[in-house]
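Please construct the entire structure, taking both the sequences and the accompanying hints into account.
Just so you know, the sequences run in chain order D and G. Per full-length UniProt numbering, the first sequence starts with residue 1, numbered consecutively. Per full-length UniProt numbering, the second sequence starts with residue 1, numbered consecutively.
There could be a bad hint or two in this list.
Copies of the same chain look alike in the list, so a pair counts if it fits in one copy or across any two.
Calculated pairs, DSS-like style, for lysine-lysine (alpha carbon to alpha carbon, straight line, at most 25 Å) [as the list claims (entries may be wrong)]:
hint, residue 1, residue 2
1, Lys162, Lys125
2, Lys108, Lys310
3, Lys149, Lys162
Since the hints were made in silico from the structure, they are not lab data.
There are 2 protein chains.
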Amino acid sequence: MAAAASSLLAGAGSSSCAAISTRRTRVNRAVASLPSPSRTPCTPLRVSPARPLRNRVVASAAPAVQPPAASRVSTVVDVDLGDRSYPIYIGAGLLNEPDLLQRHVHGKRVLVVTNTTVAPLYLEKVTWALTHDNPNVSVESVILPDGEKYKDMDTLMKVFDKAIQSRLDRRCTFVALGGGVIGDMCGFAAAAFLRGVNFIQIPTTLMAQVDSSVGGKTGINHPLGKNLIGAFYQPQCVLIDTDTLNTLPDRELASGIAEVVKYGLIRDAPFFEWQEKNMTLLLAREPSALAYAIKRSCENKAEVVAQDEKESGLRATLNLGHTFGHAIETGSGYGAWFHGEAVAAGTVMAADMSHRLGWIDESIKKRVIDILEKAKLPIAPPGAMTVEKFKSIMAVDKKVADGLLRLILLKGPLGSCVFTGDYDSNALDETLRAFCDS
Amino acid sequence: MAAAASSLLAGAGSSSCAAISTRRTRVNRAVASLPSPSRTPCTPLRVSPARPLRNRVVASAAPAVQPPAASRVSTVVDVDLGDRSYPIYIGAGLLNEPDLLQRHVHGKRVLVVTNTTVAPLYLEKVTWALTHDNPNVSVESVILPDGEKYKDMDTLMKVFDKAIQSRLDRRCTFVALGGGVIGDMCGFAAAAFLRGVNFIQIPTTLMAQVDSSVGGKTGINHPLGKNLIGAFYQPQCVLIDTDTLNTLPDRELASGIAEVVKYGLIRDAPFFEWQEKNMTLLLAREPSALAYAIKRSCENKAEVVAQDEKESGLRATLNLGHTFGHAIETGSGYGAWFHGEAVAAGTVMAADMSHRLGWIDESIKKRVIDILEKAKLPIAPPGAMTVEKFKSIMAVDKKVADGLLRLILLKGPLGSCVFTGDYDSNALDETLRAFCDS
Ligand SMILES: NC(=O)c1ccc[n+]([C@@H]2O[C@H](COP(=O)([O-])OP(=O)(O)OC[C@H]3O[C@@H](n4cnc5c(N)ncnc54)[C@H](O)[C@@H]3O)[C@@H](O)[C@H]2O)c1
Ligand SMILES: NC(=O)c1ccc[n+]([C@@H]2O[C@H](COP(=O)([O-])OP(=O)(O)OC[C@H]3O[C@@H](n4cnc5c(N)ncnc54)[C@H](O)[C@@H]3O)[C@@H](O)[C@H]2O)c1
Ligand SMILES: [Zn+2]
Ligand SMILES: [Zn+2]
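So, in structure tokens, the structure goes:
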């Protein structure tokens, strides 16, 4: 300890501000022609199906049934957030391209945060990518226990312990290597360590690749509710190597698909229709179908986040099915149900309530149920969930404002939703009763 | 729990966006005429004694020996941070003016975070101020154990527990009522709860009034170092009722004076000279002397923070004496020495090192020692601090970048400093040896 300290204290000033190349590749980005803006700032927030193109985030035209041919060349989706903008690289084998990662590392020291499942699969590869032809960078890692139930303060402290014991300073970079649990925890750790250090996301589940790694929401759970403690904190980049999905269990893949379905329902009807036709290919992990679904999902999320980073309105629509879903996750004990599974059941409940309110046709509700069943996702909450359990957990949801629970509900044609507290609460009660035994 | 949940879930939408009056009083704010900007962006950051006036932050002309007459009318110092700007209200008896607080409360629910010492003194008064003529607001409180050693993750969790058990939502307001420990913890809790809720500072120590409540640095300690986990998070307002200082122990008052002296040394020679003449009045708690010292300190801090919110350079100068000081706090066990006491000894060490480097005259070093002695503050570290202890603790300081320890040192005439890693490390070694027995 003393030796390290001496060398740390030895130096005369040599400010090393690494020049960071910002070269980017952009392929496969057909610009769709969409109508002009029609956003309404008032409550309830009405989200029209055809969203305006904004800045550098472009929506791709959807292929009819066959997705575009597979390519090892990466696609880049840019998340446009002013001086916090960053690229999402998507492609097969991207972990074999050290330059992509290295250009986003600040400082000479990296802490990879991963878990006991992912470390044996990818930690060596990521360490190679970070250090290949780059002897100045040293990599530490912290391997956390695996599971949603470890997305807590105690486990978070292990990241701080490791960072501090390794004497990392402000110019270090944290790398999240794993699914959404690791990404959310590592992101919050990066936000809070020394009040903020650089941060890179390498998501390795479909859930993390299409949703949690993009947009800067980070955090941990509290025993009384999910994601109640955290920060908005954007990464330097997101690197999605779709090859990592090859080791993912089927049930985890399906969990991610619940979020893919969400994007179609809240704002992208053509994407939903594409999914209806291509669900079998997705479940079979057809590489180009997966890559297309990821890219299109990231584009949708990036557009929403660029317009509403801190969730003052529009961004809340990304939580379709999540208020019910979080209640299921909390009420059945973290980890019993996967996040996407809970969201799937929650989405059916939201569709059911929307239909009871007369806001969507029966046919849309049916298509929601059909596509989720096709993806082998649950379409109802577990038996243990009672009406009272739902109500008491939903009362601490982050979307409650001044005591009023706002929900994301479907309204209008396919691909349209609202975020509102202005609904007949009888419909909510009826939905809860319809889906719970007691 | 179920009953509360039902009523929470009952409502149809009624968005209550309280209109917040921004009426302000500004008195006693003589605008000094100072030279134009001369800021150098390069390293080492050179800070010239006469700072340019910037935006709405104005430096007051210093009264010669007699401070201005006491007044119950508040002074307002504005912290200019774009859409995160906020006022600091300073005055005797401000807690008797409910309007000041109420205009900055968002939502209907307030959580006051305080401790076992301050709660019996001021919690009732603050609750009154929040609710007087304002029946819509309900106030909860969480009373933490008192002391720097409780500025930790476990204690922070108690704030989250209380907030979640009370079912607070995004539109709530956290109020920090206490010294710097409470302010730093409550601020970080507000930053992280639901990824950020409104936050008001009511500092009740001189330390918190002249320093910690202003500028948005929040956080907690880690067993291996101070303030290593936190966030930059700005309050809605800072309300300084100077009457609260009447109950403060002498040693705590002196601790705050260490930071007041700091502002003079790093950027405000006339203020330092005013302090040399008025230290006896300050220690005797002469109300107008205290109010003037607080106002002038807040102005200095606000100017620095407005120019460098996230501490990329200039702001680091506010840490004069703090690298040595933090080592003393960590090395002697949190709480044994007060923060300002450690900073005082650290300031003498920084002055000593600056003098060894030939950067300041002997006379300045002597004036530093004299004024701190006059304030009854320590001018050397405790006997337990060894050279090795200093070095190993300073190696994890937040101002280390890529292994290089940068320090704030005095350089040039009174009121000038630099933030630099470009110094002869022998001078550091000599200073450490001069102040440590082993
Ligand atoms: N921040 C956000 O915006 C956001 C959005 C959606 C979800 N989330 C969060 O994400 C979490 C869920 O993410 P998740 O579904 O990725 O769960 P997860 O992180 O628990 O990963 C699922 C499982 O897959 C394993 N795994 C990861 N990559 C693998 C691979 N390539 N091969 C084999 N196994 C692998 C993991 O170790 C784990 O056991 C939840 O905590 C949820 O709240 C956050
Ligand atoms: N965030 C920043 O920018 C910043 C700047 C400087 C210091 N700090 C932090 O502030 C902390 C030190 O603050 P502090 O010196 O106020 O310590 P403190 O908060 O521990 O308060 C000192 C003591 O005074 C008591 N007290 C508070 N108000 C009182 C009153 N009106 N009457 C009687 N007793 C009262 C407290 O209960 C405590 O026992 C440290 O943790 C330091 O790191 C932060
Ligand atoms: Zn989700
Ligand atoms: Zn200080």
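Open item on the list: Under the constraints set out in the numbered hints, which ones does this structure not fulfil?
Closed with: Hints that this structure does not satisfy do not exist here, as all of them hold.
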